[in-house]
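We have chain G already, so just place chains W and C on it with the hints.
These protein sequence lines map, in sequence, to chains G, W and C.
Just so we're aligned: 52 in our numbering is position 52 of the first sequence, and the numbers increase by one with no gaps anywhere.
Add 297 to the 1-based position in the second sequence for our numbering, that's all there is to it.
Add 696 to the 1-based position in the third sequence for our numbering, that's all there is to it.
Any given hint could be a false lead.
Chain W side only, calculated, beta carbon under 7 Å to chain C, not exhaustive [said to hold, decoys possible]: (1) G468; (2) I556; (3) A557; (4) D682; (5) A692.
Hints were generated in silico from the structure; no laboratory data involved.
Each residue gets a CB set at the ideal place from its N, CA and C atoms; glycine is no exception.
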Amino acid sequence: MSEATRPRGPIERLLAVNTAIVYLFFYAPIALLTVFSFNANERVAIWTEPSLRWYQAMFQNDAVLSALRNSLVVALISTVVSTVVGTMLAIALERYRFRGRGFLDGLAYLPIIIPDVTMAVMLLIFFFQGFDILQDFTGIRLSAGLGTIVLSHVAFNISFVAIVVRARIAQFDPAMEEAAADLYASRWQAFRRVTLPLIAPGVAGGALLALTLSLDDVVITQFVSGPGSTTLPVYVFGLVRRGVTPLINAVSVVMLTASMILVAISLGLQRGSTVKEAMAEEETEEAPLATVPASHG
Amino acid sequence: MERISRLVVLGLVLALLVVACGGGGVAEDDGDTTPTTVAGDDGDTTPTTAAGDDGATTVADDGDDGDMAACEAGETDGDLNFYNWTEYIDPELVTAFEEEFGVDVVEDFYDSNEALLARLQSGAVYDLTVPSDYMIAIMIEEGVLMELQKDAIPNVTNLDPFFADPPFDSGGTYSAAYQWGTTGLGVNMDVVGEDFEPSWALVFDPELVAEYPGGISLLNDPRETMGAALMYLGYSMNSTSEAELQEAADLITGVRDYIAAFDSDTYAELLVNGEVAVSHGFSGGYLTAIEDWETHTYVIPQEGATVWTDNMAIPANAEHPCTAHAFINFLLDAENGATLTNWNYYASPNEASEEFIDPEILEDEAVYPSDETFANLVVIEDTGDFEINYTDFFAQARS
Amino acid sequence: MAKTIRAAPGDAPVTPELEQAAARAKSRRGFLISLPAYVYLVLLFAVPLVLVLVYSFASRSSTGLTLLEDWNMGSYRRLFSPLVAEIAVRSFVLATLTTLICLLVSYPFAYYIATRSARARNILLVMVMIPFWSNFLVRTYAWRVILGTDGFVSQISRLFGGEEIRVLFTNTAVLIGLVYGFMPFMVLPLYAAIERLDWGLVEAARDLYANGWTAFRKVTLPLSMPGVVAGSILVFIPSLGAYVTPAILGGGRTTLLGDYIVSQFLTARNWPFGSALSIAVMAVMLLATIFYFRAGAKTL
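This is chain G alone, in the form it adopts within the complex (with noise of 0.2 Å):
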């Protein structure tokens, strides 16, 4: 933008402070939480000494270590799972027309915008009903578990893929693929070499948000886990009801120090892969169906 639009003075002062207070109010608990972890005695917000107990702790705690084993297994599956499927979607979608197309594409929005609330109480019920149902026709009975909780979150982050993924097939020009068949690529050449490398920042950015939402979730896998599956997100939240000692607060930390390296990685390869496109752009002037000038990533 010009010089003559930008917020000037006072204004852009006024502006800047406000940026400064959200930035603020946007770590400040983070960052108290962080402290009080390394705090020695157990109230959680009155500091004595720094001490390391309560991460000594919390290695020691099975109950903490087994939740967070369920919450990795559930959350890796889930990802991966979700993120074939939702990206298959989002190509569906937006590159071919097919009967209930329409009924698709609103079905899968759905789960964005409902609360999860409502979709623990729909999956419950479904796998209550459900397995009751099967128990009367074959007499095997299942239970509910890590395998119910996968299916939960796989359900919801499929469309939260889906959307991503769309959003990055929409930027790019659809002769791209028409080129590539134009240069005899089969269909799945062109998927593979043109496709792919395109939307592969979404299809990132995608898996990133189904990883997220599953380590965070708390309703839906409270009502759809059972006994030993308990998950991370849900132990931590039953210990803040039940009694609150500084032992949440490492685990927390332990947990937030998990997401930020998390994006730290995934920022990096998308800037990788950026970079990447850009020297080979500028190294080749034929055009093989691998690098193809990508808008930003």
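Frame of chain G; chains W and C shown alone:
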């Protein structure tokens, strides 16, 4: 080519189906094995296949007692899924059990009998739970519990005869007593003074309550809290009159502005930390948490309070009933029973444990009330078809 | 399946039949590609939805079990009771307040970021995202520490000679928690909308002697409306159905919709009523979203 994309699509669909079935199948063994590998930490090495082979064998039926394999004393059949009240069992006892029997105990927690029932009704499968007296009666009615095999719990003879044959479960067929205690008020004497009247008015009289900095907390428990209100109003704690319940609900709503929280887990901490001036809670919770008895104390209101018994019971669809029996037997052991009381400060129903319990605890009236206090204590009873009204009116009062 | 169509230069001309066959093949392919998602969403979303609808007409036994018989409208009738109305209004007011506060704070914030240099923008954006990517539960819990009787807020007030304040367990605490949790949902769409603005139009307004404020009011603001609407919807809907935040910061004192629904399943054991509530809430949100689409935003 085309065929490849078709194959990919089909492959993905198949993969999905496998995940779905595999997930479901895994969920069926124990609910606590991960879908990937045989995690060595559960003592149970069930193969992680789809459509549980194991599942089908253990469960051809609804777990009718008739079909149950007999358990021997001390026999175990996998890890224990233990559903208990919070802060109710000494972690060292749990560890001792795990080591002695070589199984893991997976703990889950609830904060009221109604929450327990709701969870069981929604299909959650546990091996052992600890409902209170009236809830046992309800659960027996519903057929939710499995009969105890007395052979597998020889230590049951340690129980005091009164608890071995309770009114809500004749002959102790379905349950074995765990602990018993009272419900009353925890009071901060710095706020209410030393010379206060031990009455429910401390939490229900708006004039009194308005003065407290911080306010009060009540139990998040339909029967207990509605019961307290009923008793304050002079009605029976087991009332079956909707009108009376409505009055009780209105009473609670009357002080709602001063209620800091409805909490069945941290009521003692809330008091001791100064967050509230008076809180409603269970005897042992206060006895564990209160350090300075000059400032804080636990009282049983004069209008009446509850005395309750919590009991170990095995749900009918439990997947590891033998381990459950072993755990019950373990806890009924004289010394273990005493360890329990020495840790959670609730009264033990175990006669044989008496010699191992801390003498101070035996003499503490807050744990073992005197006879005259007993005259004021009421037992919660199952009100049959009317029962659901307590939950409904409580929900109304809370909202 | 249809023949592979490859247009090679200089080949036989493409006939209408060929084109039709190609179109049909393509359509079938699209359908197949969408199939996994289709199956999954129908099975694990549409079917559960129908089940909830069915359950909302069911009745309840005296011990709280759902009976799939004696179908009745009792649960829906109960939706109109004063208690439900009170809870609904309370939740609605809270959600609206949350949205308004988020909007008022986020707009200048997003505006500032959008008007920085490209590099600064990226950095600032990443700094917004980082808390967002961190765990929601953890972030909400952090406020519990700050707002408690021993917490930061209280300590500061004591420093200034005031008395201990406990903001925790009040509606204000819940409001703060909701604003904190959902602000990124408001910031991002706003930022996207403002950043895409054609500043030439604002320049033109200035050229026509409009001062800064007028230019903002009559050009910038209306043009950024899609972002405002998108952000508002993205904040309002989860706030209306919020469960975790009120549970952690509100102390269970006042009941909001989210907790009310959850309690029907976790303690009150009234699945038909809980189902009716869920359906009603979903219907309201659906209406809100349709309204949003009508208001002219192009994508979510």
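Report the numbers of all earlier hints that the structure fails to satisfy, in ascending order. 1
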